[in-house]
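Model the full assembly from the supplied sequences, consistent with the hints where possible.
Chains as they are written, first to last, in my numbering: chain A, 1 to 353; chain B, 1 to 560; chain C, 1 to 414.
It cannot be assumed that every hint is accurate.
Below, a list of computed lysine-lysine pairs in the DSS-like style, where the Cα atoms sit at most 25 Å apart [to be verified]: (1) K179/A - K203/C; (2) K149/C - K378/B; (3) K378/B - K152/C; (4) K410/C - K364/C; (5) K39/A - K236/C; (6) K257/C - K179/A; (7) K257/C - K39/A; (8) K76/C - K257/C; (9) K39/A - K287/C; (10) K34/C - K152/C; (11) K183/C - K39/A; (12) K109/C - K34/C.
Quick caveat, the hints were computed from the structure, so don't treat them as lab data.
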Amino acid sequence: MRKNSLGRLTITDVVMFAVGLGLAGVIVAGSAATLSSGKYTLAQWQDLFIFGLAQGSIYALIALGYTLVYGVLRMINFAHSEVFMSGPYTAYFFARYMFNIGFLQAYPVAGLLIVSAISMLTSMAIALTVERIAYRPLRKAPRLVPLITAIGASFFLQYTFRGLYGSGIDRYPELAILKGSISVLGVRVLVTQALVIVAAAVFMGLLYAFVMLSKTGKAMRAVSEDKETAQLMGIDVDRIITTTFALGGALAGAAGVLYALIFGQVQFYMGFVPGIKAFTAAVLGGIGNVPGAMVGGLFLGVFESVGPSLFLDGLGIPAPNQLKDAIAFTMLVFVLIFRPSGILGERLATKKA
Amino acid sequence: MKTQPATVFQTSMRFGLIGGGAAVLFSLVGMVEVFGQRTIIGGVVSMGQAFVAIAMLLSAYAAARQLSSVSSSAMLTAGGLTGVTVGALLAALVLLGTSINIRDVFVSASPPLFELLSFGQSPVPGMLLLLVAGMTMGLAAAALLFLSPAMRSTAISVLLAVGVVGLLADLLRIIISQWAYVAPLVEWVFSGKGLSVPGALAIAAVVIGLDVLANRRRNKAHNLAALPATALQKRMRTGALMALLLVLPLLLGTYVSEVLDQVGLYVLMGLGLNVVVGFAGLLDLGYVGFFAIGAYVMGMLTSPELGLASLSWWSALPIAVGVTVLAGMLLGVPVLNMRGDYLAIVTLGFGEIIRLLALSDALRPWTGGSQGIQLIAKPVVGTVVLDDQLKLYYLILAGCLLAGFISSRLRDSRLGRAWMAMREDEDVAQAIGINLVATKLLAFSVGAAFGGLSGAIFAAKLGAIYPNSFGLLISINVLALLIIGGMGSIRGVIVGALVLVGLPELLREFAEFRLLVYGALLVMMMLYRPQGLWPEEARKLEAHGDGDNSNGDQTAAIPA
Amino acid sequence: MIERRLPGLLVLGCFGALLAACAPAAKPYECTDKIGCVTIAPAASVHIAYALVVAGPDAVLGTDSKRGVEIAIDDKGKFRGHTIELTGEDTGCNAEGGQAAAQKLAADKTIVAVIGTSCSSEARVAAPILRDAGLTMISPSNTAPDLTKPEKHVDGYMRTAHNDELQGAVAAAFAYTTKGIKKAATIHDGSIYSQSLAEVFAKKFVELGGEIVAGEAVQPNDTDMRPVLTNISAGKPELIYYPCFTSAAAFITSQAKEVPGLETVQLMGADPMYSVDYLKAAGEAAKGVWNSSPDFSAFAGGYKDFLDKHQKKYGEAPLSAFHAHGYDGANIIFAALEKVVVADADGTLHFGRQALRDAMFATKDFKGITGNLSCSATGDCSDTKIAVYEIVNADPASWNPTGATDTNPKKISQ
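Structure follows, in structure tokens:
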């Protein structure tokens, strides 16, 4: 990002610095007050941290979908939250069936893999359909136009699924192997959380390897760098964009199953909040940047979980957890004041600024 | 498009599967069944049947049109085949639904749905009927293509007019029954929840008549059309429009005034956001924040309930707008260095933070928390208390006119030029000597002021405000109406507000499908008119340009 | 199908009208009602309207009540030979939606009475509009105490939902007095309903001598409740009272026992948790949870029947806790209408709007499925008996609130 002029401090910089400093002051004061009051034990802090990490892994997986699409198309795919919802909601019916015939209890690993596969395929199919109908015809339109079709597609999908599956809440079957907790280096971790964190890490690793090492991944990076040149180099841009949507959709489907395992409930509105959060996470990490989305997701998850107790409790604010989303967004502003293109985004952004 | 002409069979299959898929989807989301109880023409066509018929007609029409260069027999075959395919898919749904229990998954796959789809017959004859209906509809659609263009457009207008009037029957009945002289007509034109048969015929006759007249006039006026309007004509047109705006709510009654009030509030917000996004190119997804601040400041200052102050509406107004402007600047400062989508998400967060703070227990003594603020003062003009939708309409109209005037002056001013320069390219703008800081902050402040004004009127209109009235959806809606109308265009804002606020409001009774239809509408409108419904001339050219992003974010971002 | 029979009815009606015109004995109905009368032509239907939230994130709440109303209409069948028609408007669970919906309903002169609103914020703005239009509204799910306070009550407003003050107090008394719990924490979800219930509970609990160790809040769409529960666990409460709506309540239920320090805490909620949907959403952790709700046990039969019809008609169990209130609200309208309606020989119905309103307010000992309803002068109709239940089996299939012996949930207050 360019600075106004070399070395000279402008009034803006001063004000921004003051705002940032003020926020930092509140954070430090709140944290100090909370910690000195000794209301929470070390174990409780550890718990909060792990809760946040698990939630953050899910954000990160969804955020990858936003970031991948942003990379190649420079658009915010608002319908991604519904892509995320469609997978686990559809897979729920298969999970329920397998549970009812006893398959899921007898072969939980195979069962979960099947459920995940169905969820990923559904999400992928939805992502591809949306791309084909709502985005592809608008490749050349002004950039806010696909944003609006994305919003429209999001509404449409949300209420279509509501019409199809009903407006009630459904719950994934509870599996014996996912109950209880394990101890990792002396820290108590729930089995579901451990599974979520590990699975998310594996998915992210695979994706990163794919983008960096495979030929298609290379082509994706080329397309995101410069579409026209990529085309001239013989890359089928449409195919790459389709692949990107498919990848993002599959990751969202996977995130959806993990979400369903850790929280249980599926319903038509479940995509909205995680979608917004994941989008925030993607921006926080530096949008268009794959590791950035991962870092952003984890960062956001942890701050949401730890933040209310740490920053606000000590300041005597009642019901601090009600403000956890406000903390998430404030952290975003705080980070962007000092790093205007996200935690990891800067190096990449300067290239063409 | 493919270079090889597709065969009749391929084309029919393609469109038939699309149309059939749509019809099955309509059925499974419950639209067919729910609207099966609503009639378009009493005793003849229910809205649910209309959905299915539309799917058949449209897909067959599209298939036949694609083959119009081949031969007329090909067109007819394709039409019929497409219709049959749609019918077959529905028949398959009936077969599936009546033989196994799919309702465990698809809650709308209820026995009444299948009864409706099979025309009240048992499944097998019902399925045959579906195929026949598909064929008939398909052939009819293909036959439409053989008509002369004028007749075809008349036929389509008749269908559309009957459909729309039937759809809005409830509303029209309410409006018409207020007009003493024509009120008796209501009983004749409408029957139950839809049109009556004579009513439908009458509407068809009227439409045909109008169409013929219009055609004749068009031919006559052909040579004069090219002349630009004179200044006098323009002034007369403006005068007529003003007069219409003044009497409209009087004619249409309280409910329509309510709708117009809402449209007006959104026009105000749209004009404000237009300054930020349309003129200055700063993508703001948290515009609702300003709306909320305007409303909350008004509430806090005038409601005796909180015991903070009990000013009158007018004396609180400048404070409300002033605070909003300050908030606009406050938001502006941290985002000065952010571009494009970073800005979008930070502003989105800002809007959410405002709502969350208003809702929080922590600020309850000042904002009322979840219990909101009640007993907000109504504006008083002279001795008249503006306490109903009709009187408020004039206040809102005045606000809109003021905002419209200010934004059109700003657009043509030096500042407006600076905004547009910044929108096109920030670096170039800075290079030619534009003070980016001041320009950006001014854009945010002006935008915020309009939003605050809208919020202040909103608070008075409701008399009570609650945090959940200020959700993200409002920001999205305002942005959508801006783009649907045509970015940067003041008249576009008005058209956009009418379409995206007025129309859904009139369709409030379609409740659970309102947002579904809204979503589909957003997608379709953007696909067919990416430049907006009524764009500014300059923007029209841009929209057909090379697709360069108009939003300033040229930062490269590479996934790696 | 109604419309297929309509032409026939129309002919019959016209014929009837002719006959009536000829018959000298029939004297025409004269409207003496001070806020107007409604005339229902022989072929027309009795028009009931709803103003509920049936779209958007809170759709479940209003859809639930609306279905109760629809079942009541099915059960009623025809009203003196007229079909009963239900139309309505979505209110969005916000004040502006309530206002717009009320304006539209107020403009339709064929409406007999209104079922609504869903959320208390809507009622506050909708009630005056409907009052001025001469309509009477009966809400299935407004629970905010101020709506029926004499100084704030709007004429023509009534509700079958119970006042938060009542329910919160019963819950607090049960926890403190009956069960001897001394330390409690509350969580609300930021809705008017939830916040005021939590507040009433806390106030009563402290009055009785208990201690509130934490007053927390979440957002209705939150999913991860563990942080807030960890927060609460620091105060070591014996009971957590969380009168939240289904989704948030279920998340709290299923996550509470996973938080160290809360393994033995007693969970307690309010009527949104007295539903199959809650059992479905909360899973196995729902076992042992307490919740307060109208005392259904006094009314065997009716509710079970209702649940069967619901499953058959909608393919799913009730979505929230206010379907029965919707059902009762509709039936109160029908009962009052029966009392005031005047029928001409041809089947034309007449009634006065004030007369209907008075008849609805005069409802006494009405046998509904939410209890024995009697309406107060300020519109509170709910049965004053609130009972506390314990969920004894978390399997949704075992949901059996009205069984003779093994009821689930089981009533645990006297």
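Quiz item: Honestly, which of those hints from before does the structure not fit?
Solution: Violated hints (numbers, rising): 1, 4, 8 and 9; every other hint is consistent with the structure.
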